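Peer 1: Chain residues, written in single-letter form:
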Amino acid sequence: MTRRKQRGGWQGDKVSVSQSEIKNLQSKIVGRVWKYGDGVNTDVIFPGKYTYSVKEPDEIAAHALEDLDPKFATAARPGDVIVAGRNWGNGSSREQAVTALKYKGIAAVVAKSFARIYFRNGINQGLLLITCPEAVEAARSGDAIEIDLNNNVIRLTGREYPFPPLSPTALGIINAGGLVAHIRKKLGLAGTEVIATGSGD
Amino acid sequence: MGSTFAEKALARAAGLSSVVAGQVVDAKPDVALSHDNTAPIARIFRAIGLEKVAIPDRMCVTLDHAVPPPTPKHAQNHVEVRAFVKEQGIQNFFEVGRGICHQVLSEEALVLPGQLILGADSHTTHYGWLGAFGAGVGRTEMAAIWATGELWLRIPESMKVVVTGRLGRGVTAKDLCLHLIGLLGADGGLYQSIEFHGPAIATLPLHERMVIPNMMAEFGAKNAYLPPDEAVFNYLAERRERRAPLAVSDWQSAVSSQRAVIQEMALYPDHDARYASTHIFNADNIELKIACPHTVDNVRPLREVAGTSIQQAFLGTCTNGRLEDLAAAAEIVQGKRVAAGTRLLVIPASAEVYLDALKAGYVQTLLEAGAVFGTPGCGPCMGVHMGVPGSGEACISTANRNFKGRMGQPDAEIYLASPAVVAASAVKGVIADPREIE
Ligand code: SF4
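Chains as they are written, first to last, in this note's numbering: chain A, 24 to 224; chain B, 199 to 636.
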């Protein structure tokens with residue numbers, strides 16, 4: 024692969040995400056609800072036993088929620104939304120618990136709360152995570168759900184549930200496909216070859 | 199509606215007039231901390247495609263986790279860190295033996311009240327003792343901070359912990375933390391900013407205050423906060439003046455100028471701030487506590503586990519390796535010997551602590567009792583070297599974590615306690631109450 028010439032580094036402090044970029048992310052997500060309860064941990068989202076053996080995106084996606092809901096991985100469709108209770112993603116810091124859903128095409132997870140590391144991994148790996156307890160209370164599996172990112176509101180069963188706005192940064196990261204890609208874009212390095220990452224261990 | 203400490207501190211760091219819990223902001227940390235992990239972070243940084251970090255002046259790098267290096271691989275890692283630090287022109291770099299990151303940055307007054315410090319270390323919560331917002335981040339995130347000078351943060355909800363009364367004889371901040379974690383669980387403060395208030399907190403000496411936010415990492419917290427007061431301002435003012443003197447001839451007026459600037463930066467929550475929950479404890483009722491294997495929330499009163507046989511007692515770490523901790527231990531072992539079949543390992547949290555303990559005679563007292571001293575740093579806290587327990591052994595430690603295998607040997611038991619309990623246990627060879635030693 025030929026390396027394109029890298030454009031100069033720092034592009035300034037203030038980088039805002041334009042409305043058209045938000046549109047790239049899909050300003051409106053329309054899907055079906057997969058509803059789960061409180062305290063769903065990373066082991067049931069992506070079992071630890073596969074952490075070192077399963078590496079391909081399709082394979083990772085095939086194990087999503089395996090120990091929580093065996094039919095999920097085959098029946099979930101791109102654009103579907105997971106709606107869950109408190110402390111979604113507690114436990115291990117393994118990033119596959121995020122990427123398994125992303126590779127499956129899950130558009131967002133709406134929860135009452137997220138475990139701290141899961142939340143950061145989610146945004147940094149480019150998965151939309153929204154905290155909205157009221158919408159979680161109202162949602163049932165199979166419901167049609169609409170997430171309107173321009174107005175920060177979830178539409179469900181004929182009602183609207185507002186959620187706190189995501190910062191341009193969080194949206195920008197998700198839109199770019201993750202933190203490293205986002206930073207590269209922000210610094211004008213997008214399109215150049217990514218140098219292989221050493222073991223971040 | 200008023201603001202919590204977290205809302206005020208992160209609004210300031212994000213350059214906004216106000217923020218609310220749940221909101222995500224781009225915050226510019228005043229300090230970005232990394233340690234022996236600086237080399238792997240540097241590799242991620244290079245993968246972003248940059249040559250120079252954006253914020254060399256805000257970076258602090260310590261070598262503390264494996265010092266002096268136990269293997270050629272560890273030594274090579276340090277070589278890489280030094281090369282990176284030199285190449286990037288990072289002034290705040292602390293060599294092997296200077297001490298554990300959180301102790302060193304405190305001693306050097308590199309973090310001030312109301313500031314934001316992000317560290318590639320989970321115990322970066324530590325800086326809450328001086329009224330700063332400290333949070334741990336991942337390695338990729340630290341590389342991103344180096345590249346851009348900022349990081350996205352979600353404003354945490356806050357928990358208010360009010361501690362009334364006063365801790366009883368021999369009861370320490372460590373016991374208070376274990377009490378709280380035991381009661382509400384290792385995820386009791388998940389994602390939250392934990393604010394400590396009340397007379398029992400305000401009357402704590404500084405070395406005890408330092409324990410509390412450090413331990414809150416084991417409570418699931420994002421950060422923790424103690425309201426800074428005169429004692430904190432004085433500590434920082436003197437140290438700041440020593441490190442970077444103002445152009446004022448007389449010491450007293452220089453220190454008071456420093457203090458005025460520091461005090462001005464302090465942030466306090468509003469009286470009508472909104473808390474997710476409030477917990478009120480009476481310090482008078484808190485007993486000596488032990489965290490039993492293999493989780494920090496497996497907490498029991500000391501009296502229930504007293505008599506459990508131990509082979510190693512470890513006094514040190516960023517939680518409890520300070521001068522006053524060594525003093526408490528020296529007082530217990532004075533004129534006695536470490537029990538046969540038991541070893542007492544002492545690792546001062548910093549070179550400064552070591553030297554002060556030497557001058558005060560604590561080092562001699564501890565050595566005469568049979569203690570073994572290690573180089574200031576993390577030592578065996580996370581199982582790399584310098585005193586890891588063997589299979590089937592039990593270690594009582596002043597550290598903050600007792601996960602299975604934390605000290606290197608999954609088949610070893612780790613008990614967590616205060617420095618005096620650790621010293622008393624070393625003398626008895628079993629877990630013991632320091633108040634019952636002569
Ligand atoms: S002493 Fe232990 S807890 Fe503290 S920084 Fe070192 S390894 Fe981490």
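If you're looking for bench data, these hints aren't it; they were derived computationally from the structure.
Nothing here was measured: the structure is a model prediction, and the numbers come from that model.
One thing to keep in mind: the hints can contain errors.
BS3-like mimics (lysine-lysine), calculated; alpha carbons at most 30 Å apart, straight line [stated by the list, open to error]: (1) K135(A) x K226(B); (2) K208(A) x K284(B); (3) K208(A) x K94(A); (4) K206(B) x K226(B); (5) K226(B) x K250(B); (6) K208(A) x K226(B); (7) K135(A) x K250(B); (8) K534(B) x K208(A); (9) K534(B) x K271(B); (10) K51(A) x K135(A); (11) K135(A) x K94(A); (12) K58(A) x K94(A); (13) K284(B) x K271(B); (14) K557(B) x K602(B).
Peer 1: Quickly compare the C-alpha distance for K206(B) and K226(B) to 30 Å and report which way the hint goes.
Peer 2: holds (14 Å)
Peer 1: Can you confirm whether the C-alpha distance between K534(B) and K208(A) stays at or below 30 Å?
Peer 2: Measuring from Cα to Cα gives roughly 64 Å; hence the hint is violated.
Peer 1: Checking one constraint from the list: CA of K208(A) to CA of K284(B), max 30 Å. Satisfied?
Peer 2: Holds: K208(A) and K284(B) sit about 28 Å apart, inside 30 Å.
Peer 1: Is K135(A) close enough to K250(B), meaning Cα to Cα at most 30 Å?
Peer 2: violated (40 Å)
Peer 1: Next pair to validate is K208(A) with K94(A); report whether the Cα-Cα distance is within 30 Å.
Peer 2: Between K208(A) and K94(A) the Cα gap is close to 37 Å, so the pair fails against 30 Å, i.e. violated.
Peer 1: With the threshold set at 30 Å, check whether the alpha-carbon distance from K557(B) to K602(B) stays at or below it.
Peer 2: With a Cα-Cα distance of about 37 Å, the restraint between K557(B) and K602(B) is violated, given a limit of 30 Å.
Peer 1: Take the C-alpha atoms of K226(B) and K250(B), compute the straight-line distance between them, and say whether it is at most 30 Å.
Peer 2: Distance ~18 Å between K226(B) and K250(B) Cα, so the pair holds.
Peer 1: Quickly compare the C-alpha distance for K208(A) and K226(B) to 30 Å and report which way the hint goes.
Peer 2: holds (19 Å)
Peer 1: Within 30 Å, alpha carbon to alpha carbon, are K51(A) and K135(A)?
Peer 2: Within the cut-off at roughly 21 Å; holds.
Peer 1: Within 30 Å, alpha carbon to alpha carbon, are K135(A) and K94(A)?
Peer 2: holds (23 Å)
Peer 1: Between K284(B) and K271(B), is the straight-line Cα distance small enough, at 30 Å or below?
Peer 2: holds (20 Å)
Peer 1: Under the criterion that the straight-line Cα-Cα distance not exceed 30 Å, is the pair K58(A), K94(A) satisfied?
Peer 2: Measuring from Cα to Cα gives roughly 13 Å; hence the hint holds.
When the structure is compared with the earlier hints, violations turn up for hints 3, 7, 8, 9 and 14 and for no others.
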